[in-house]
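Protein chains in written order, with UniProt numbering: chain A, 1 to 263; chain B, 1 to 267; chain C, 1 to 266.
Quick caveat, the hints were computed from the structure, so don't treat them as lab data. Some hints could be false.
Said to hold, decoys possible - Listing some non-contacts, in silico: residues in chain B with all C-beta distances to chain A over 10 Å:
hint, residue
1, R22
2, Q53
3, Q103
4, A184
5, K265
What the hints assert, rightly or not - Partial chain C-side listing against chain A, Cβ under 7 Å, derived:
hint, residue
6, R8
7, W10
8, K12
9, P14
The C-beta atom is built at its ideal place from N, Cα and C for all residues, glycine as well.
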Amino acid sequence: MLRIQQLVKRYGHDEPVLKGLDLEVPDESVVSIIGASGAGKSTLLRCINRLVEPTSGSIELNGAELTRLHGNELRKARRRIGMIFQGFNLVDRLTVMENVQCGRLGYIPYWRAALRKYSTEDIDRAYTLMERVGIAHYANKRADELSGGERQRVGVVRALMQNPEILLADEPTASLDPVSSRQIMELLQTLAQELQLPVLINIHNVAEAREYTQRIVGMRFGRLIFDGKPEDLDQSAMDTVYSGTPAEDRQQAEQDTSKAVVS
Amino acid sequence: MTQPSVAERAWSRYTPKQRWKRFAGLIVVALAVTWSVATLDVIWPWVWDAPVQIGDLFRRMVPPEFSNWRAIFWALVETLNIATLATFVAVFVSLPIAYISAQNTTPNRFTLWLGRFILVSSRSVNTLIWALLFVAIFGPGVLAGIIAIMFRSLGFLGKLMGEAIEEIDRRPVEALEATGASRAKVILYAIVPQVIPTFFAVSILRWDINLRESTVLGLVGAGGIGVILQGAIDTLAWPTVATVLLAIIVLVIAGEAVAAWLRKKVI
Amino acid sequence: MNDATPSRTWRKPPFIANPWLRWGLIVVALIYLSWAASTLPFDWTRVSQGMERAARIFSGAFPPNFSRHDLLIKGFLESLQIAILATLLGLALSVPIAFMAARNIAIKPIYLIGRALIIITRSFHPVIVAILFVKAVGFGPVAGILTLTIYSIGFVAKMLAERIEEIDWGQVEALRASGTRYLTVLQFAVLPQIMPRQIGLSIYQLDSNLRASAVVGIVGAGGIGSTLMNAFGRYDYDFALAITLVIIAVILVSEAISGRIRRAIW
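Bound conformation, chain A alone (with noise of 0.2 Å):
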């Protein structure tokens, strides 16, 4: 269960990027954060685990205030909290099974992380997961001969071997091609259901967000002001998270939904 209370992030003395902000995802739930570009999704998230210092504001993670974390601690709520990125953010040069080790980092002593000498138990379970989503045959190959989507995977594998009390994703399929995306949505949906995850995603294409989550949450100048089911998100909704927004972004997002339609 994670409930955000009043979340407030200012950088310097602009406009704050979010502005007191309310949100609770209770557990095995997965749920979609849409809204246009620079409403503030990508640092909603990177407040969670505190990649980004929230100004005030309370979060909680089953239980446990993460805001006042320091040092060590901080260290140890981040292992909890597992993270999806757009642009994947391997480690190129390594390979396929350190990367996903990194998930273990937070985890296991200085010199075994030096020296390559992870667990037995850490591999096993590794590989299971990669067999789960499909990349175990990759274990020795160099991050970077992969495509884009088993990257993604990778990174999800990754973010799954933190043992994560919740999943944080940021913009997961953007980077990605259509097919690739669509297995990527449909991998983070059953995953969340097989480990009883709650998994937040930002996403940009609001039609895989009806498709493939339960909630979707709207994001616009740092407010939620779309909190409901996707068959709630009526053309009006729509409106509402994307009106005073560039036109083009605006339109990306129609388009996208009326694509969703057709298919």
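Go by the hints and put chains B and C onto chain A.
Chains B and C alone, transformed into the frame defined by chain A:
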């Protein structure tokens, strides 16, 4: 529409402004040359005599004298050892310096400036000047040479490695921080793999440069083939000088070939 | 986990797959390094004496002594003059040599001569060249100018030849097709393409000649290096430190200027 007048149709390659710039550039160069030639402390008869003297020197070098090839060979090996050992040590010492002089990894402002100071002072003092200093300290010999080469290499390696660290892709670093990995582990997994190619490229490049620099250390008494060269020149043994020069060409070209091969294999 | 099958173990694939080659290389490298280190005449008494001497040198060097600034300035101006003249001479000679050493322009025998010239000039450290010239034409700036001319050829001709090999061949063909003479083709189709590189290289070379002139002076080829060597020879460590500091300052300034000019041109 009237025809443009002849004057307007006249073509010239440069606009007046460009022409003035070029003209000013030429004037500066001409002035610099006149000033240099006029005030330089030159004994002109020596200059006119120079081609004859140089020709004479070359004539005295032929044929090269190979009888002490053994000594020359071992001096070459010594030169190689100086370059290799100095590069090897300098590569490792330069890593922490690179780390503190890269803006994105340095712990604080003080370490940043300390790192930059070390880099600048090492880079601006030439190997031979370092060698003069260390020969004065440790006495003539290989040790002074190795330390001199090392000191000069630190700045070069540290600067290039530091720049490589500054240019890394930030995204894997962010991802690893998000997994809760400590700073040391983030360096190990996200920064080290990204700078490894530069590390090898820069080390090989510096080894190649150091091989050349090692050939002259002997001229200030810091070991290597230069010692034999200096001795031969002092005793006017020009045929031996010729052999040493040939040996240096062979060493340098072989070094360049090895460096190119390593570069291809490793990177 | 007791159901761990062999496929469930993982080791990082080694950098060199063949274990014999891998361990062989490691052993050879270790043996070489330890042998090379063992040939060092490393004795601690000398090092500890050295530390004393270092203390004496450094205490003698502080504070740096700028009182003989006339000598200092004279040395620097001479270095600058050497650098300017050597750069111009070097550039003048580099252009024909670069054309000779460009595979796409020159015929084979000329190409080989050009390459050989570049390789020979590049192989010798300027200090070695300087010693020979000092022997041939005597102590002083002339030896310095000749040395740095050779040094400039080694670098400029090499870079320029590489640039010529990369030129857009279409322009050359266009001129040839219009029946232009060989030298005119070079002038109108090749020179304009390499000019920007040439100017950038000249400024870079002026900068590095200034640096190098501080070094070749150490073996008697004039300039600030000779002043430094004299100070060192007379154990005037405070003056030597002053010279070194000024050399560092000048190098930093000239590096900054040359960097700015080159950025403005490119």
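(request) Return the numbers of the hints above that this structure violates; sort them in rising order. (result) 4 and 9
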